[in-house]
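S.K.: Going down the list, the sequences are from chains A and B.
Residues in the first sequence are numbered consecutively from 1, following full-length UniProt numbering.
Residues in the second sequence are numbered consecutively from 1, following full-length UniProt numbering.
Where hints are given, some of them may not hold.
What the hints assert, rightly or not - Here are the computed lysine to aspartate or glutamate pairs in the EDC-like style, where the Cα-Cα straight-line distance is at most 20 Å:
hint, chain 1, residue 1, chain 2, residue 2
1, B, Lys337, A, Glu322
2, B, Lys265, A, Glu33
3, B, Lys167, A, Glu201
4, B, Lys265, A, Glu300
5, B, Lys268, A, Glu201
6, B, Lys280, A, Glu201
7, A, Lys268, B, Asp109
8, A, Lys265, B, Glu254
9, A, Lys337, A, Glu321
10, A, Lys337, B, Glu254
11, B, Lys265, A, Asp101
12, B, Lys147, B, Asp109
13, A, Lys145, A, Asp101
14, A, Lys265, B, Asp109
15, A, Lys264, B, Glu322
16, A, Lys264, B, Asp109
Claimed, not checked - Rough simulated footprint, nothing fancy, chain A against chain B, three-plus residues with beta-carbon under 8 Å:
hint, segment
17, 170-178
18, 259-267
In short, the hints are calculated from the structure, not lab data.
Note that beta-carbon positions come from the ideal geometry of N, C-alpha and C, so glycine has one too.
Listed below are the residues making up each chain.
There are 2 protein chains.
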Amino acid sequence: MVVVDVHTHVYPPTFVELLRSRSSVPYIRTFPETGDVARMVILPGEDDPNTPSTARGRPVGPEYWDIAHKIAFMDTHKIDVSVISLANPWLDFLPSDEAGDAAQKINDDVNDQCSKYPGRLFAFGTLPLSAPIDVIVKEIERLSKMKYMRGIIMGTSGLGQGLDDLKLDPIYAALEKHSSLIFLHPHYGLPQSVYGPRTNEYGHVLPLAMGFPLETTIAVTRMLLSGVWDRFQNLNVLIAHSGGTLPFLAGRIESCISHDAHMKKEGKLEGRRPIWDIFKKNIYLDAVIYSEVGLKAAVEASGADRLLFGTDHPFFPPLEEEATQWESVSTNYSAIKTAFAQDDKAAKDVLGGNAVRILRLHE
Amino acid sequence: MVVVDVHTHVYPPTFVELLRSRSSVPYIRTFPETGDVARMVILPGEDDPNTPSTARGRPVGPEYWDIAHKIAFMDTHKIDVSVISLANPWLDFLPSDEAGDAAQKINDDVNDQCSKYPGRLFAFGTLPLSAPIDVIVKEIERLSKMKYMRGIIMGTSGLGQGLDDLKLDPIYAALEKHSSLIFLHPHYGLPQSVYGPRTNEYGHVLPLAMGFPLETTIAVTRMLLSGVWDRFQNLNVLIAHSGGTLPFLAGRIESCISHDAHMKKEGKLEGRRPIWDIFKKNIYLDAVIYSEVGLKAAVEASGADRLLFGTDHPFFPPLEEEATQWESVSTNYSAIKTAFAQDDKAAKDVLGGNAVRILRLHE
């Protein structure tokens, strides 16, 4: 049995340097009160000047950039292979003329990291989404030939207007042409106002527990509504956090579409692919959902052959310094074990077999 | 077997008059282009002046206010009993000094409607949430003695600051004291910005399919984080639309809480009730989720003894005028039938038995 982690992040040295050189979100810095411990502030709203600096963002260390730490984490948690990806916010924030070069450097950097541990590391590349379209398409082509690259990671912003933006079509076409999977990952969350006046009392819970999956759900629904999968029927997307909340809401989404008088009047209800069809043909889900209830719903929606184990490392470390096993990892392991207590084959597929097949990790 | 619909709305005549007298959201009016067909505009953002008036809000007729239409709908769909409730936005928008009287009139109005069809209609009352606390508490006490009232319906705004507002404690205390269930229902959705620039092309799909359940999920998570169910361990809440997305996200919510350094530092992790415990003791879910996938997740989270059939009538009517059976209803019926194909007792409980027991409909 092979265990593959498809949701595991790195901030390669080139990217860390970039963050250290900045003073607005996203950035890495030390504050006088935090001593030697650098803090990474990447989420919109995490930089509230009313928040004490010791509560802003998160403390970061070499587990964020040193690939040896990734390997040690994998060994501790019996993970054979990791498909690493740059974490949010990727290069979304870069000026147009800097993004292309930065993406090349970072993708080369990540590919190099993989080459140091042959067979144990593969990666999703990063696109320079603020660059001109032809630069983005060229990077997709370049990535498709790189030894350890197995697709690309992307946020929900696209070129700045979301993933239902028709200007993304050349990007989707290039990804489809190269059978390059999109690992779709949240970053922007929801506007702070939805969390109410007490949100800071709850630490990072609301933006992390709510903002991320809800952002993802809206982004994919917008893709669906704009007909992305009608135009690109072979475009494959691996959705982070078991699809946000998509498996649970899919029925409501279908019902709202088929009951919408405006969509009907515009002729948009005819010939469209229902979400359940897209789940079975274009969508893969990671198994980062921390419960048997969620995991089973993900399986029901997409199938046990389309669900892939992940950890979200280096995020959600244990709060107890002495802990070696990460509870965030064991919760996801347990959910798989319990949900597939009667189906050993399915458990093995979700833990690694699916990833090997779908991402061609034997090549 | 008894079929009970716990999610079915009325706008009683007193409330319709109120909406007709208004010219800003929420309101009911005819536009020159829409002739005799009145349109009801209740959702934030539905009043965009760039939207043609024929696409603003929704056409409304007697099915919204004439209780005979409700009974006819029930007969068509083999529903024995309905627990009717005023739909959003309730009285949230009223000035403080008008809300108390308006609530009394509307609750009397609804109770009267129920009395015309004994045994077939019960109701959730409406609270004057913009009124002073003692006025709200008095209405809770009055409602608890009204013959057909079986709890109250409430939005996510509370007194204006959300349901994690500590100022709501006297309300929660009064509801708990009178064993008065809260039917928690969305209205405010999410800020328009999250839907992106193309949202109007998709009719009402994004605010209805996304805004409503995501608003609900955030609202309940805020209640949980503020410790409402630690302080009021017998407070019962029936959550609309199968909990928004709560069953699916519960694992992530628990994981984010237990990994939050700030919550730990503040001592908020000790002694708190986990969400899974609250699901089994304080939360009921309706079965308005339009898919077997969603329904099963709801059952896994709360139990087949805590799930209650609903229709959301008069919303989501068929687009075809000649249709008599509503697809939005048959989809929810089918989901129950399929999910409980092997468990006839559970199907009957969800369709009506649970509602009779939980809402004391035999009394």
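S.K.: Take a quick look at whether Lys264(A) and Glu322(B) sit within 20 Å of each other, Cα to Cα.
M.R.: Between Lys264(A) and Glu322(B) the Cα gap is close to 16 Å, so the pair holds against 20 Å.
S.K.: Regarding the pair Lys145(A) and Asp101(A), is the alpha-carbon distance no greater than 20 Å?
M.R.: holds, 18 Å
S.K.: Hey, Lys265(B) versus Glu300(A), does the alpha-carbon distance stay inside 20 Å?
M.R.: Status violated; Cα separation ~39 Å.
S.K.: Take the C-alpha atoms of Lys337(B) and Glu322(A), compute the straight-line distance between them, and say whether it is at most 20 Å.
M.R.: Given that 20 Å is the threshold and the Cα spacing comes to 50 Å, the pair is violated.
S.K.: Just to be careful, I want the Cα atoms of Lys337(A) and Glu321(A) compared with a cutoff of 20 Å; is the pair within it?
M.R.: violated, 27 Å
S.K.: For the pair supplied as a hint, Lys167(B) and Glu201(A), confirm whether the alpha-carbon distance does not exceed 20 Å.
M.R.: holds, 16 Å
S.K.: Measure nothing beyond the straight line between the CA atoms of Lys268(A) and Asp109(B); if it is 20 Å or shorter, mark the hint as holding.
M.R.: Cα-Cα ~41 Å, so violated.
S.K.: Is the hinted pair Lys265(A) and Asp109(B) satisfied, with a Cα-Cα distance of at most 20 Å?
M.R.: violated, 38 Å
S.K.: For the pair supplied as a hint, Lys280(B) and Glu201(A), confirm whether the alpha-carbon distance does not exceed 20 Å.
M.R.: violated, 26 Å
S.K.: For the segment 259-267 of chain B, count the residues whose Cβ lies under 8 Å from any Cβ of chain A; is that count three or more?
M.R.: Since 7 is at least three, the answer is holds.
S.K.: Going straight from one Cα to the other, do Lys337(A) and Glu254(B) come out at no more than 20 Å?
M.R.: holds, 19 Å
S.K.: Per the coverage rule (Cβ-Cβ under 8 Å, at least three residues), is the segment 170-178 of chain B covered by chain A?
M.R.: As far as the segment 170-178 of chain B goes, the hint is violated, because 0 residues have Cβ atoms under 8 Å from chain A.
When each numbered hint is compared with the structure, violations occur for hints 1, 4, 6, 7, 8, 9, 11, 14, 16, 17.
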